[in-house]
Every structure is written in structure tokens, then in C-alpha cells.
Amino acid sequence: MTLTYDNPFGPNNVYGHSVELLRRLAKVADPEAVHLDVGCGFGSIAASVKAMGLHYVGVDLDLDGLERLKLNGFEVHQVELTNAEGSYAALTDVLAGRRLASITILDTLEHVPSPLEVMRALRMLSSANNAPIIISVPNVTHTEIAARMVTGKFDYTLDGVLDHTHIVNFSAPTLHRMTRQAGLVEVEAFDTKVVEAYRNMHLDKNALPHDTSFYSLVSYIRGQADKTATSYQLVRAFLPGPEHADEPWFTEPSKAPERPFLSIVIRTVGTETFTLRDTLACLAGQSDHDFEVLLMGHKLDASRQIAVEEVLLDQPEFLRNRIEFILVQDGGRARPLNVAYKRANGRYIVTLDDDDLVFGNYVEIFRKIHNTQPGRLLRARCAAQTARKSHVSDGRLAAISTGPVEPKYPANFSLLDHLHDNHTPCMSVAYPREVVDTFGLEYDEALTTAEDWDFMMRCYFLVGISVAPDITSIYRRWEDKPSSAQAHSPQEWLNNRNFIIQKHDALPVVLSAGTLRELRDFYASSSHRGIKTAALTASTKVLKFGTKIRRILGRIKARVKQL
Amino acid sequence: MIVGADAILRVQSILFRTDVESLRLSYLALAHAARVLKIHGLVGDVHLAYGDCSPSPILSAATIEAWQREVGTDNSLLAEYHFFGANLGSARGHNTLMSKAQGPLARDGAGGFLAIMNPDVKLAGDTLLQLLKTLLRPGVGLVEARQLPIEHPKHYDEQTGETSWASTATAITTSKIYWEVDGFDADTFFLYCDDVDFSWRVRELGYKVVFQPGAVIFHDKRLTLEGGWAASEAEVYYSAEAALLLTHKWSRSDLTNKYLMYFKSGLNPVLAKAAAEFEKRRASNTLPIPRNNAQEFAQFVGLEYAKHRF
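Protein chains in written order, with numbering that gives the first Met the number 0: chain A, 0 to 562; chain B, 0 to 309.
The shape of chain B in the complex, shown without the other chains (with noise of 0.2 Å):
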């Protein structure tokens, strides 16, 4: 992969209903780390891509522009913004602004650097150069950045960071290859383990995934009184969504049928909702088709998509 002064990093995020404010530091964050990134010469120039999925745009021109003066002319973050006019989930989401990629970004482009994250995310100052390091080792395909104040347990190699799955809450691949693997399934995940999937897609070209844990990131994720997670209806319903799908497509059927047990016994309706919706999808032939070889890949280690440090 080409760096240097004509290298492009494209960074995409997808918004819905997020808070204004909080998006606003967070560009200011971005454009910071931007500009660490080209004063390395690792790239020329990074321009960041937002899909609206909210009900009515959150962001206008005027604000982008205000955002992009208070970073300085000299160091403003090229900013795009598409209103996608309905809730498309980050899958999709992520596929559309990628379809509006113009230049070396684009499928037929010459290539050059692609950055999923979360739009409320918070990035340290050499988190992006951290990140590109990283993905400019031979062999590696995505590189995932470390998760403040709840990291994400899954195990990695101690020497080299490989691990099973790399989350996009902010993570960092190429142009090459997103297209090589066809983006994300949008057409099976909405909102989870859409990054599991595409991250077990990657390895499937021979690709490593790798966690760095020197690239760091801010992600307001907040504990319950009792210091367990605080998850909402819909984060439990795709969840156990993704569960299944991503246990069926990655040939573990013997789990699938499991979640579904568990899910139809009706000790939690949000639960036995996410079962219906499957059967719903296998009546309707609209399930994807089981991988060959997944095992190779695919990681299932409990109700886990890789071994967990703790």
C-alpha cells in the first residue's frame, strides 16, 4: 500500500439520533489525530464521510463549515455528509457512503486507507498513526484500536496483536481490501457482528487481524449500579439477532439451534422476538448461505466470537 503525500485515509462514521455536541469534540478529536497522521507523512490527506440514518438530518453545511473553522484552516478535516433518509444500520450504512467514494477510495480506484469508527468515539492524538503502523505490516488486513474505559477482552497475541475479530467502533483497513471482500453483509446484520463477520471475511483472504493496543479511543460505554452492563431492548434484541445469524452463516448450526432453544423457551420476549425474526428469514429463504471451511475462521468460544483474556 502506498503512503506518503498522495495516500488518502477515508474515515466513515454513521450517525443516528447522536448528540450534536458530543460529535462535534469528537470531529475536533479526529481532525487532531489527522493531522498527527500527515505531519508523519504517512498520508496527504484524510477526509471523513457521515451517513445519517436519523429520522431528519442532525448536521447542516453551516455546522460542518463551523466545525471545520474552529480546527483552522490549515489542518481542516475534509467533511462530507449524506442524509440517508432512513435507518439503514451501520452495515448498510457503511456500503452506501462507500459507494459515494470517489478517487483512489473508490471500487475502482487505486486505493488507499478506509477507517470504520463510531461517531461519538473520541480518538487519541496518534491513535490513526498507531492504527496505519500497524496495518502497514505485511500480512495484516484490519487493525482495531483499544477501547477506554471498558476494553474489550478478547484474547490477542502478545507479540504481533493478532486476535479473532476486530471491532469497528474504530478500526482500520484499505480500500483494497473492502472491496475485495464485498464490504460489509449488509444484507444479513443491521447493527451487530456486522465487524465480525467482515473481520473473518478478511482473514478468509489470508489476511491477519490484529489489536493494537497502543492506538487508543474513547468509548462512552457506562456500567449499571451493580457494574454490569446497562443494555438497552434493542441492543438485546440484535444482538441475539446477530447471534443467530452469524452462528448460521459461519456453519455452526449446532449453536443456532441452541440460541433458539434458549431464545423460543419465553423467559425474555425480546429474546423470543429475535427467534421469530429468524424463522421469519429461513421461511423466506433470505438466510445467508452457510461458509465452507468457517471453522478455519470463525471463532465461537461460549456465547464469544474469540477466546476472552478474562
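Okay, chain A solo, but in the shape it has when bound (with noise of 0.2 Å):
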């Protein structure tokens, strides 16, 4: 070893860290009780660790760090990290028959042939005690090299993220599947958060400039995707638990997993279950059964659980079978989608109200745009209708139609349009599980409405659309009752509108293939049709975007934050 892993402790470092974890986990009421830093390097958690009132015993192969630490009074053992048992074996004679108050392992799994049989032998040695191990290994997919990636760089560094001698390199996914697989159970993380970690540290002086459009993107999907984008390593506490042997670390794409081709999640309140009923009666009366339903019971009390659960009683079983009943019981509109859409197995997702129609092609049709261009957005037409409430005596309440079926929504998915309002009720457009999956989206816990129209058009921005003529859908206008439009007052649409189209505009976007011929078209029919002015204005909006979206984006950032 050379004095490049000589780093102090720090309070924000992987150090630091390491020992909160440490504060919150172990179990210090035996001063006899081992502390075992396994891979100690020059021990920088040493003082530290024995603050605490724990015996520190650092183990490493490398006897600079040992000896330093030795001078300094520590107890230290020279141990090579070999297979489960071989490792089990060795730090098993260093116990010596001592109580076991707690591991860490600190940047050393990385290092190390097989990390999987290192995790085993911690495991095994843990077990007695239920001694927790603290892991560190640096994040691999930093955005800061998520960024270099893109561009096809992959430089290995004289040490840090991408140090020449790691011979594994770590996600958070990677992590959690490998110590799963050992037999180990996350129970704490405080990775260390360093945005620019990666040029601070090697001074680099080839980076890209984060104020670049490419670079705000990427930051901008990395940071949506999951929550270690600036985690420079990955520090989580972990205890034992049961074993996953037969379920690899390692990813098998080949193997993924059996998916019905869509989720449709319908929200209720369980208030007037007549409506939910007719939802439903399409459903069963679809063309194409590839498809799950999340029946999303929001906020329900006991009469209003069990009123739901009537209606499912009185499905066929084909259809009840495909239907599962989740309860959320807190959050806004937004929250039982959120909850829905993580837990979908849908190869698409879409959200269909309680109180909506489709045809028996609804399934069909998006099936049929997704054989054209899989993985976009798919939009189908969406028709409307205005309807009440019926009673005829010895039946029970039912909906009713008032006026015929109109092909109000577009046909076509106009960005331009949709830059200004929404134009696809919810149920007309589905999304590829990626925009969750991958891309880590939500709809909008904030926002109290229009939530659907933020969430596609940042998904949009993203994958794109694809888009069928067919009408497969009745958006039902209700003249005797509230609809969500008249459920909230018009000051509160239009902030939210304002809270939308400002958030829309800070972001960095991706447009597909033929959008500006679209934009341009626009720009052309405009000034023939004489309003060169307002052509104008919105082409000046473009061309003023990237440095618009630099100056809100980090407004927007502090507001999210403060939220």
C-alpha cells in the first residue's frame, strides 16, 4: 500500500459517516466488546471508533497502515481476504473468543477478487452477535460518470471512483443484491453526497462544464433516477439476515420477469361505486385480456372499503382475478398513483378514473402502438360525453348519458398544444414502466391538480410519443355532480398551471425526431395566417431556452427543496 489511501477523518466523509452509522447501531455497553475494521488502511476511524468505548482491531494485508496504527496503540492483525471460509477462518482467530460489538469494511470490497465470499465470512462472523457491518465502496454511477460515459470515456484514475485497481465496481442496485445474496439486510444508508467529487478530486481540467445543455440533461436523468447520482460512496449499515444463494448478484436480462403488456391503475374514494362500476363492466368487455388492474382505494373508511369491495364481489372472476385492491390511506391525488405505478408489472402503465368508459379496443389499441414504436408514450383518441345520475325504481343508482359521444380531444399529439394545456385526458395515454423504472418519474405530490399533465409531459421530454386515431375512451362530463374541474376552485388550476409550465420550462428536454419540423411548421402557418407577432414571440421563446432553463432550474431546485 501506498500512502494514496492515507485519508483523514472528516466529519462529511466516508469516515465520519461510517462512524455515525456506528453511533446509531452499536451496542457499546461491553468495553470488552471488538470492534473489527476489516481492510483498516491507516485506520482513520480508529480514535474514533475507541471514543465510542469499543476495542478497535484493524485487519489488513497491508502492513503500512498496520504498523502506523500499531505505534499508536492499536491492536492490528495482518489478514488477506480470501474465500467465505478461509476469510471467516482467519478473523475468527483475531476475535479470539471476544465479543463482537460491530464491522466495517471501508473502501476495500472493491479491491478484493470475490466481495460475494468476503460478505459471507462477515456474515457468518456477525451472526452471533447480530453484529452490524458498516459497508462503504464508491458509486460507480456518479453522475459524473454517468456524464464522461455518455461521450464514451471510461478513464481509470491513480485512486477515487474510478481507481486502476478496483477490480469491482459498485452501484447502489449492485450493492443491494450482492450483500442480499451474502445474507445481509440494509438497515441505515448515509452515503457521502459530493456533487462535483470527481473533478474536485483529480483537478481535472478536461471536464465538461456543468452549464452545458448535455450535461444539465444528463444531470437532470440522473438525478430523477434514483437518489445516489451524487453519492460518491455508498455507506449503509447492513445485519444478518436470511441467505439468497441461488439469486445471483449479477443481472440475467434473459430472465425478466413474466409481465402482463398493462397496468390500469383507477383511483377511488368509494363515494359513488355506481360509476366504478361501469368502468369496470368495460374492462371485462375488453378485446385483448393482457392486463392487470390496480383498484386504488384512497383514503376510504370502513363504509367506503366495503362498498368497493361489493362491487368487486360482483365481477366475473376472470376479471376479478386480474384486479388488486390497494388502500392508501394518506397523501393527495397524486400519492395512490405514485404507490400504483411503483408497484405496476405492467409492460405500460395507465391511469383510468372511476368514472370513465373505454371501448372493448383499449387495450387492443395500445397494444397495436406499441407494436409500432415500443417504448414511447401511447396515446389513443379520447372522446367525451356529458352524463347524470339515474334512479329507476328496483334498480339501483346508474349513470346515464345526456348528450352524444364527441371526438373532443385531438387526434394527434400537438407538442405545442401541450406546451399550453393538457389535451389527453389521463386514460387515453399509457407510459412504458421505463419512465419509472429507469427514469425514476412520479407525478407531482404537490400539485392538487393537472397532475397528470406534469407527469406526461416530463415523460414525454423523455421517450417520446407514439400515437394511435382510434377512439378508445369516453371522458364522462357530469352535469349533477362535481367533476375534479369544478372540485377546485379556478385560482387553484391556474397556480398550478403556473407551478407546471415553470417547471416544464426549467427543464432540459428531449425532443424526438420530427418535433421541429413541427415547431417550424407552426413558425410558417402562423405568419401566413398573419400573426407574425405571436410567431414570433414563441420562436424567440426557443431560442432563449437553454438560458431560461439555467436560470430556473436552480429556482426550482431550492423550491423542491424546501418542500
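Keep in mind the hints are simulated off the structure, nothing from the lab.
Keep in mind it's a predicted model, so treat the numbers as computed, not measured.
Please note: incorrect hints may appear among the correct ones.
[What the hints assert, rightly or not] What follows is a set of in silico ranges between Cβ atoms, one per label pair, in the way DEER data are often shown:
no.	chain 1	residue 1	chain 2	residue 2	range
1	B	Ser264	A	Ala523	39 to 49 Å
2	B	Asp253	A	Asn370	27 to 37 Å
3	A	Lys388	B	Gly227	19 to 29 Å
4	A	Ala523	B	Glu234	37 to 47 Å
5	A	Pro373	B	Lys220	28 to 38 Å
6	B	Arg221	A	Lys388	23 to 33 Å
7	A	Asp300	B	Gln294	52 to 62 Å
8	B	Lys272	A	Glu323	49 to 59 Å
[Said to hold, decoys possible] Below, computed lysine to aspartate or glutamate pairings styled on EDC-like, alpha-carbon distance capped at 16 Å:
no.	chain 1	residue 1	chain 2	residue 2
9	B	Lys220	A	Glu363
10	B	Lys207	A	Asp393
11	A	Lys69	A	Glu84
12	A	Lys192	A	Asp154
13	A	Lys407	B	Glu225
14	A	Lys388	B	Glu157
15	B	Lys220	A	Asp162
16	B	Lys306	B	Asp156
17	B	Lys99	B	Asp181
18	A	Lys49	A	Glu74
19	B	Lys220	B	Asp119
20	A	Lys341	A	Asp443
21	A	Lys49	A	Asp29
22	B	Lys207	B	Glu295
23	A	Lys204	A	Asp154
24	A	Lys388	B	Asp156
25	B	Lys207	B	Glu276
26	B	Lys263	B	Glu276
[Said to hold, decoys possible] Residues of chain A placed beyond 12 Å of chain B at every Cβ, according to the derived structure:
no.	residue
27	Ser126
28	Asp210
29	Asp313
30	Glu316
31	Ala386
32	Val391
33	Asp393
34	Leu396
35	Ile399
36	Glu405
37	Phe412
38	Ser472
39	Trp477
40	Asn494
No residue lacks a Cβ here, since even glycine has one placed at the ideal position from N, Cα and C.
Both chains come to you apart, so use the hints to assemble them.
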């Protein structure tokens, strides 16, 4: 070992975070209990561990660090980490029958040939006393690395995340899967967060400036995907748990799980179940039954829950078996959607309100669009129809239409129209599951209206959209009960709309091929119609888009943090 | 009408090249609705009769047995299947099926309930229950379910549900009434308006025809890209032919002549063909005899057979 790894303790670095996790989890009642620091290096945490009342024992293969620790009065042992049994035997010898309080293995696993074997050894060691194990590994999926890899740059460095001596690279999911296979359960996380870690550490003179559109886009996408975009080191605490020896830590893409084509998410508050009956009847009549239904009961009291369950009992078995009834008792309108979208198994996910109707080809047309351009948003056309309640004696309360089915919503998706307002009711657009799984997008729970518009546009900016002109759904406009449009004040709608527009203006976006032509055609047609000023204004906005994004992005980030 | 463990409901559907998978789902939905009905104690048994007008049989005994196993032996829906070997149309198809009914629903039987339904509709769980409860109201002779996703826009009384006629996409009556009106007029109607005519004859007997919106069925209708009806050539032809025959039978020769004039104008060859067929029947004296007192029961509003809500 060289002094490359002789890094001092700091409250905000991996050592400070590890000690903090130890303080939360380690039992320090027994002053003879041992803290084992595996791959201890120069023992940056030794003094802090000792101050906690534990007996620090450092083990490493390299003698440089061990000698200095020994000089400072700490117990040290030279140990080579091999396979699980060998490592376990060596570390058991080190303990020599003493009680084990806790273990750290910091920035070490990435250097050993089989980190899984070492994890297994540590699990065996910790099982007797249920001793917590603190693991830290560098995060190879940090935004800085992601931005470089997109342009083909993957350069090893002397040290840091891309240390040239690393054998296995870790991401949060990799660490999760490997520890799970070894039989460790994560109980706490306290990653080190450094936005500009790579360029600062290496004084990188060639790094791409953050203000570029490209970096903004990568940073945005990576930041949405999970919470580790700026995690420099993943610092996690584990306890021994069930082993999953048959579930390998590496992925096997060819073994993707069987999925239904579509997950249909229905929100209900359980107050007027007669409309839910209609919606479910339409699903029973689908020509393509490759779907599941997630029926999200939101804030239901016992009587409403029973009312919904009665509706479910009335469904034929072939439909009822496809329905999962899930209760969500908190949050606003968007909460049940976020719960459902994370839980959905479908290749695509769509939201269907509990008072809307769909035609028999609802699922079929989504599949047809998917077959043409898989992976995009799938949009079919929606119609509108007025309706009211009706109660004929000897029957149950029902909905009745009061006007013709009118194809009010456009057959095509116009970006310009949708930048201004929503023209796509929620049930007419299905989302590829990647918007949740890969990009980590969620409905904005701060919004009380138009959350579907906001979500759709953010998804559109990442995956694009593919459309079919077929009318497959009916949005019912109620004459005698408040719709969502009427349930909120005009001012509330306006406030939410302004907030959404502000958010979208701040986004770095990806436009599908052909979109620029749409913008150009709009400009040309506007000029042709003599509304040059408006067109020029729109054009100017487009030209100033990049500047605006950067300016507003900062403000929104600050606002989101406050929320 | 007797209800309870001894009562029987017979459900009839006419098949014509029906998609078998869609039919299976309809069977399963019907079986569930039948189970709900039986749980409520209104009938003891539900029998299903299929009449197949397809060129070759689309079902087999093995297929139906498989469906019955899927439902479960405790809740199995007794089904009979008759292959007609000819396209009889809906009216003659139902009459033929009813002629094969045995026990209480036979012409000389004690009576039972009779539901007519399109083979591919999907019943909600409580549809039969809602229909039957409404039929049991004194004076009601025929009850129609509400269709989804496109409802029929017929006007109905908000309280009683009384309406001009009932669509047999799914409707329920009694065998007594069926035999009393002598079934559907198969000599006149092949595919459309047989239910309008049946409804008006039920009303002639003094019964009410009722629309029950609480009884829901899914009837797979689709729209054109412009939001209109996607009517096939056959649908246009049989609708036009039925309109001529219905107006003639229910003593509105003024409308018959008006339609004929338009159909014969040659703007649409399909309509012209319907007009020609009508004239052929007139020449061969096979048109129905116009009914007396028709205006008390028959409603012709514009091109429709009832006042519409919209």
C-alpha cells in the first residue's frame, strides 16, 4: 500500500459517516467488545471507535497502515481476505473468543477478487451477536461518471471512484443484490454526497462544464433515476438476515419477469361506486385481456371500503382475478398513483378514472401502437360525453348519458398545444414502465390538479410519444356532480398550471425526431395567417430556452428542497 | 310470476361466426350473474340456449364442458347448443330455440323467465338480478339493460323506466308473454327491428316496457375515426329493410313511402337494394298485415322508433 489511501477522518467523509452509523447501531455496553475494521488501511476511524468505548482491532493485508496503527497503540492483525470459509476462519482467530460488537469494511470490497465471499464471511462472523456491519464502496454511477460514459470516456485514475486497482465496480443496486445474496439486510444508509467529486478530486481540467445543455440533461436524468446520483461513496449499515444464495448479484436480462401488457390504475374514493361498476364492466369487455388492474382506494373509511369490495364481488372471476385492491390512506390525489405505478407489473401503465368508460379495443389499440414504436408513450384518442345520475325504481343508482359521444380531444399529439395546456385525458395515454423503473419519474404530489399533465409532459420529454387516431375511451362530464374541474377553484387550477409551466420551462428536454419540423411548420403557418408577432414570440422563446432553463432550474431546485 | 327455488330463467343467444374467446368470456360473465341471481333466491336454475346460424358449428360439447368446468361444478350454467345449419336470423333463431324449450318454459308449460341477449355481451354481476327485480313489478312485461360503452339514447321515464321499446342486446321477459305474443315476427324481420316489433306487441297486451339503467351490460360497439358509427354494408341493408317493414306493419305507410322514395333515388345502392326487396315482397303478398290501433303503441320520431334523449 502507498500513502494514496491515507485519508484523514472528517465528519462529512466516508469515515465520519461510518462512525455515525456505528453510533446509531453498535452496542457499546461491553467495554471488552471488539470493533473489527476490515481493510483498515491507516485506521482513520480508530480513534473515533475507541472514543465510543469499543476495542478497536484493525486488520489488513498491507503492513504500512498496520504499523502506524500499532505505533498509536491499536491492536492490528495482518489478514488476507480469500474465500468465505478462509476469511471467516482468519477473522475468527483474530477475535479469539472475544465478543464482536461491530464491523466496518470501508472502501475495501472493490479491491478484492470476490466481494461476495467476503460478505459471506462477515455475515457468519456477525451472526452470533447480531453485530452491525458498515460497508462503504465507491459509486460508479455518480453523475460525473455517467456524463463521461455517455461520450465514451471511461478512464481509470490513480485513486477515487475509478481507481485503477478496483476489481469490481459498485452501484447501489449492485451492492443491494450482492449483500442480499450473501444474507445481509440493509438497515441504514448515509452516503457521502459530493456533486463535483470527480473533477475536484482529480483537479480535472477537461471536465465538461455544468452549464452545457448536455450536462444539464444527463444530470437531470441521472438525478431523477434514483437517490445516488451525487453519492460518491455508498455508506450502508447491514445486519445478518436470510441468505438468498440462488439469486445471483449479477443481473440476467434474458430472465426478465413475465409481465402483463398493461397495468390499469384506477383511483377511487369509494363514494359513488355506480360509476366504478361501469368502468369495470368496460374492462370485462376487452378484446385483449393481457392486463392487470390496480384499484387504488384512497382514504376509504370502513363503509366505503366495504362498498368497493361489494363491487369487486360482483365482477366475473376472470376480471376479479386481475384486480388488486390496494388501500392508500394518506397523501393527495397523486399519492395513490405513485404507489400504484411503483407496484405495477405491466409493460405499460395507464390511469383510468373510476367514472370513465373505455371501448372494447382499449387495450388492443395500445398494443397496436406499441407494436409500431415500442417504449414511447402510447396515445389513443379520447371522446367526451355528458352524463348524470339516474335511478329507476327497483334498480340501483346508475349513470346515464345525456349527450352524444363527441371526439373533442385531438387525434394527434401536438407539442405546442400541450405546452400550453393538456389535451390528453389521463386514460388515453399509457406509460412505458421505464419512466418509473429507469427514469424514476413520479407524479408531483405537491399538485392538487393537473398532475397528469405535468407527469405526461415530463415523460414525453424523455421517451417521446406514439399515437393512434382510434377513439378508445370516453371522458364523462357530469351534469349533476362536481368533476375534478369543478371540485377545485379556478385560482387553484391557475396556480398549479403556472407552477407546472415553470417546472417544464426549467427542464432540459429531449425532442423526438420530427418535432423541430412541427415547430417550424407552426412558425410558417402562423406567419401565413398573419400572426407574425405571436409566432416570433414563440420562436424567440425557443431560442432563449437554454438560458431560461439554467436560470429557473436553480430556483426550482431550491423550492423543491424547501418542500 | 313465481319466483324461488322452482323458478327457471332461460337465456337465449343466437350465434353467427361469433368469436369463440369472446363467447367464452360472455359465458363466464353470464355464469357469474346467474350465480348472483340464485344467491338472491329469485330463481333455482338458469339455463342457457345457444342457436348457431354459422356455416359450420363454432362450438362443441367439449368446449362447453370446458367452460362449465372453468365456472365450477357448484355454479355451472346449464347450456344447450343447437346448430341450425342455416342463417335463420335473430328472430327465427330465437323462435326456433324456444320451440325446443322443455319444462316450464315450453308453450304449454307453467312458465318461467326468458332473457334474450347478444352472444358477445358481457353481463355485470348483478345485471340479471336488476332486470328480474324490475320485471317483477306489477304490469311490467319486458325490461332492457343499459348498454356500455355506447348507450341507446331512447327516452325513458325517470321514475318507472317506461320506454317505447327494448333492445334485445339484453332484455328479459316471461315465457308466458313470449308465447302470448307468439314470439318474434320471423316472417317479417330477419336481423333488425324484431325487438322493436316484439316490444310494441308486448305493449299491445297491456304490459309496460321498461329500461333499467341499473342493469349494465358491455356491448362491444366501436366508433369511426371521426366519432361516428362504423356500420357495415350488411347492417345498412338490414336496417333499411327493417325500417320499411316496421313502418308498413305499424301502419305508417306515409313513412314507408317516404323511405322508399329516398332509397330508390339511387344515392346509395345498398338502400336501393333494400327498397327492391320490399317491393318484391309487396308483389308476392308476403308483407305483414298492417296492425289496427298501431299509433297507440308504435312511435316513429324522425328516423327513430322512440323519442331520444339527445
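We went through each hint and held it up to the structure:
1. B:Ser264 / A:Ala523: 39 to 49 Å: holds, 45 Å
2. B:Asp253 / A:Asn370: 27 to 37 Å: violated, 53 Å
3. A:Lys388 / B:Gly227: 19 to 29 Å: holds, 28 Å
4. A:Ala523 / B:Glu234: 37 to 47 Å: holds, 44 Å
5. A:Pro373 / B:Lys220: 28 to 38 Å: At roughly 29 Å between Cβ atoms, B:Lys220 and A:Pro373 fall inside 28 to 38 Å, so the hint holds.
6. B:Arg221 / A:Lys388: 23 to 33 Å: holds, 26 Å
7. A:Asp300 / B:Gln294: 52 to 62 Å: For A:Asp300 and B:Gln294 the Cβ distance comes to about 55 Å; the hint holds.
8. B:Lys272 / A:Glu323: 49 to 59 Å: holds, 53 Å
9. B:Lys220 / A:Glu363: holds, 14 Å
10. B:Lys207 / A:Asp393: This hinted pair holds, its Cα atoms lying about 14 Å apart.
11. A:Lys69 / A:Glu84: Distance of about 27 Å is beyond 16 Å: violated.
12. A:Lys192 / A:Asp154: violated, 22 Å
13. A:Lys407 / B:Glu225: holds, 10 Å
14. A:Lys388 / B:Glu157: Since the Cα atoms of A:Lys388 and B:Glu157 sit roughly 10 Å apart, the hinted pair holds (cutoff 16 Å).
15. B:Lys220 / A:Asp162: Distance of about 64 Å is beyond 16 Å: violated.
16. B:Lys306 / B:Asp156: holds, 11 Å
17. B:Lys99 / B:Asp181: holds, 15 Å
18. A:Lys49 / A:Glu74: holds, 11 Å
19. B:Lys220 / B:Asp119: holds, 11 Å
20. A:Lys341 / A:Asp443: holds, 14 Å
21. A:Lys49 / A:Asp29: holds, 13 Å
22. B:Lys207 / B:Glu295: holds, 13 Å
23. A:Lys204 / A:Asp154: holds, 14 Å
24. A:Lys388 / B:Asp156: holds, 14 Å
25. B:Lys207 / B:Glu276: Violated, at about 33 Å.
26. B:Lys263 / B:Glu276: At roughly 11 Å apart (the allowed maximum being 16 Å), B:Glu276 and B:Lys263 satisfy the hint.
27. Ser126: A:Ser126 is indeed farther than 12 Å from all Cβ atoms of chain B, at 49 Å.
28. Asp210: Since the minimum Cβ distance to chain B is about 46 Å, A:Asp210 lies beyond 12 Å and the statement holds.
29. Asp313: violated, 3 Å
30. Glu316: Contrary to the label, A:Glu316 does not stay out of reach of chain B, its closest Cβ about 6 Å off (not over 12 Å).
31. Ala386: Since the minimum Cβ distance to chain B is about 9 Å, A:Ala386 lies within 12 Å and the statement is violated.
32. Val391: violated, 4 Å
33. Asp393: violated, 4 Å
34. Leu396: At roughly 7 Å from the nearest Cβ of chain B, A:Leu396 sits no farther out than 12 Å, so the non-interface label is violated.
35. Ile399: violated, 5 Å
36. Glu405: Check fails; 7 Å does not lie beyond 12 Å.
37. Phe412: Holds: least Cβ distance 15 Å, greater than 12 Å.
38. Ser472: Nearest chain B Cβ is 8 Å from A:Ser472, so the label is violated.
39. Trp477: Its Cβ never comes within 12 Å of chain B, the nearest being 15 Å, so this holds.
40. Asn494: holds, 34 Å
Checked against the numbered hints above, the structure breaks hints 2, 11, 12, 15, 25, 29, 30, 31, 32, 33, 34, 35, 36 and 38 and satisfies the rest.
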